[in-house]
Amino acid sequence: GESVGLHLPTLSVQEGDNSIINCAYSNSASDYFIWYKQESGKGPQFIIDIRSNMDKRQGQRVTVLLNKTVKHLSLQIAATQPGDSAVYFCAENRAAGNKLTFGGGTRVLVKP
Amino acid sequence: GAVVSQHPSWVICKSGTSVKIECRSLDFQATTMFWYRQFPKQSLMLMATSNEGSKATYEQGVEKDKFLINHASLTLSTLTVTSAHPEDSSFYICSASQNYGYTFGSGTRLTVV
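Protein chains in written order, with the numbering used here: chain A, 107 to 218; chain B, 93 to 205.
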């Protein structure tokens, strides 16, 4: 079936550098995408979202890019900090209230 | 902001017993709640979608009789793991939906011994 997947399982980044996490999705009907951060033993925490009628959205230190042509989503974290160390998941959904499908996850390790 | 409370945060039970996990939306009414299971170093896998006042919709491969879901009100959904076995040990997470918003609980670590 259609799914959301990630290219990189683990990303090591130096503190202060920028991080880029990628996600590929295969469901062309998806119209809403969300990035989550999950720390060990906790539930997912919302980071940023984007609808399919946009190609870029910025938040505080984070930017999400959506390329519908190649069905690719990315999360950019500026000036990565130790507190950014976690597992990041992308998720996609087709309509309000519908279930979210999660990608495989990328672990970000921030080196001091 | 929207808050979802999930209890207990962890539970240890003996094989063959049942465990109930509660998921409450504290400051909003959730028409839909979702239950996920997450094994170590893996992603969240949707188990079922729960709508208030109706039967839950289970994902393929999830046993309905083993994972009982009740969504009696717009603020409460429960997941009961019946006749638990060690292979049911996992991290269970609920999520409450409000329009396009999804708020997750803090998860329940279930260990079956």
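Treat the hints with caution; some may be incorrect.
Straight-line Cα separation of at most 30 Å, DSSO-like style, residue types lysine-lysine; simulated pairs [to be verified]:
| # | chain 1 | residue 1 | chain 2 | residue 2 |
| --- | --- | --- | --- | --- |
| 1 | A | 174 | B | 112 |
| 2 | B | 106 | B | 156 |
| 3 | B | 156 | B | 112 |
| 4 | A | 148 | B | 133 |
| 5 | A | 148 | A | 217 |
| 6 | B | 133 | B | 158 |
| 7 | A | 174 | A | 162 |
| 8 | B | 156 | A | 217 |
| 9 | B | 156 | A | 177 |
| 10 | B | 106 | B | 158 |
| 11 | B | 106 | B | 133 |
| 12 | B | 158 | B | 147 |
| 13 | A | 177 | A | 162 |
| 14 | B | 147 | B | 106 |
| 15 | A | 177 | B | 158 |
| 16 | B | 156 | B | 133 |
| 17 | B | 112 | B | 133 |
| 18 | B | 112 | B | 158 |
| 19 | A | 162 | A | 148 |
| 20 | A | 148 | B | 106 |
| 21 | B | 147 | A | 174 |
| 22 | B | 147 | B | 112 |
| 23 | A | 162 | A | 217 |
| 24 | B | 106 | A | 177 |
| 25 | A | 217 | B | 133 |
| 26 | A | 148 | A | 177 |
Quick look at which bits of chain A chain B covers, simulated, 3 or more residues with Cβ under 8 Å [as the list claims (entries may be wrong)]:
| # | stretch |
| --- | --- |
| 27 | 144 to 156 |
| 28 | 161 to 172 |
I should point out that these hints are in silico values taken from the structure, not numbers from a laboratory. All residues carry an ideal CB built from backbone N, CA and C; glycine is no exception.
Structure-based check of each hint:
Between residue 174 of chain A and residue 112 of chain B, the direct Cα distance comes to roughly 41 Å. Violation of the 30 Å bound is thereby established for this hinted pair. Between residue 106 of chain B and residue 156 of chain B the alpha-carbon distance is near 21 Å, which keeps this suggested pair within the 30 Å criterion. Restraint check for residue 156 of chain B and residue 112 of chain B: the C-alpha separation of about 15 Å stays at or below 30 Å, so the hint holds. For the proposed pair residue 148 of chain A and residue 133 of chain B, the alpha carbon gap of about 13 Å is at most 30 Å, so the pair holds.
For a cut-off of 30 Å, the pair hint linking residue 148 of chain A to residue 217 of chain A stands: about 22 Å separates their Cα positions. Distance check on the hinted pair: residue 133 of chain B and residue 158 of chain B sit about 24 Å apart at the alpha-carbon level, within 30 Å; holds. About 11 Å separates the Cα atoms of residue 174 of chain A and residue 162 of chain A, which keeps this hinted pair within 30 Å; it holds. Among the hinted pairs, residue 156 of chain B with residue 217 of chain A is inconsistent with the structure: their alpha-carbon atoms are about 44 Å apart, more than 30 Å.
Of the supplied pair hints, the one linking residue 156 of chain B and residue 177 of chain A is violated, its CA atoms being roughly 34 Å apart against a limit of 30 Å. Proximity of residue 106 of chain B to residue 158 of chain B is assessed by CA-CA distance (about 15 Å); at most 30 Å being required, the pair is judged to hold. With a C-alpha separation of about 24 Å, the suggested pair residue 106 of chain B and residue 133 of chain B falls inside the 30 Å cut-off, and the hint holds. As the CA atoms of residue 158 of chain B and residue 147 of chain B are separated by approximately 15 Å, the hinted pair is consistent with the 30 Å bound.
A hinted pair counts as satisfied when its Cα atoms are at most 30 Å apart, and residue 177 of chain A with residue 162 of chain A qualifies at roughly 14 Å. Taking the CA atoms of residue 147 of chain B and residue 106 of chain B, the gap is near 28 Å; set against the 30 Å cutoff, the hint holds. The straight-line distance between the Cα atoms of residue 177 of chain A and residue 158 of chain B is roughly 37 Å, outside the 30 Å bound, and the hint therefore fails. Distance hint between residue 156 of chain B and residue 133 of chain B is fulfilled; the C-alpha atoms sit about 25 Å from each other, no more than 30 Å.
Our distance criterion of 30 Å between C-alpha atoms is met by residue 112 of chain B and residue 133 of chain B, whose separation comes to about 24 Å. The suggested pairing of residue 112 of chain B with residue 158 of chain B holds, with an alpha-carbon distance near 12 Å, which does not exceed 30 Å. Distance hint between residue 162 of chain A and residue 148 of chain A is fulfilled; the C-alpha atoms sit about 28 Å from each other, no more than 30 Å. Taking the CA atoms of residue 148 of chain A and residue 106 of chain B, the gap is near 24 Å; set against the 30 Å cutoff, the hint holds.
Annotation: proposed proximity of residue 147 of chain B to residue 174 of chain A is violated, straight-line Cα distance about 35 Å (limit 30 Å). Simply put, residue 147 of chain B and residue 112 of chain B have alpha-carbon atoms about 17 Å apart, close enough for the 30 Å limit, and the pair holds. The straight-line distance between the Cα atoms of residue 162 of chain A and residue 217 of chain A is roughly 28 Å, inside the 30 Å bound, and the hint therefore holds. A hinted pair counts as satisfied when its Cα atoms are at most 30 Å apart, and residue 106 of chain B with residue 177 of chain A does not qualify at roughly 45 Å.
Simply put, residue 217 of chain A and residue 133 of chain B have alpha-carbon atoms about 20 Å apart, close enough for the 30 Å limit, and the pair holds. With a C-alpha separation of about 29 Å, the suggested pair residue 148 of chain A and residue 177 of chain A falls inside the 30 Å cut-off, and the hint holds. Coverage of the stretch 144 to 156 of chain A by chain B holds [criterion: at least 3 residues with CB-CB distance below 8 Å; count 7]. Remark: the stretch 161 to 172 of chain A is not confirmed as covered by chain B, as 0 of its residues place a Cβ nearer than 8 Å to a Cβ of that chain, below the required three.
Violation of the numbered hints given earlier is confined to hints 1, 8, 9, 15, 21, 24 and 28; the remaining hints are satisfied by the structure.
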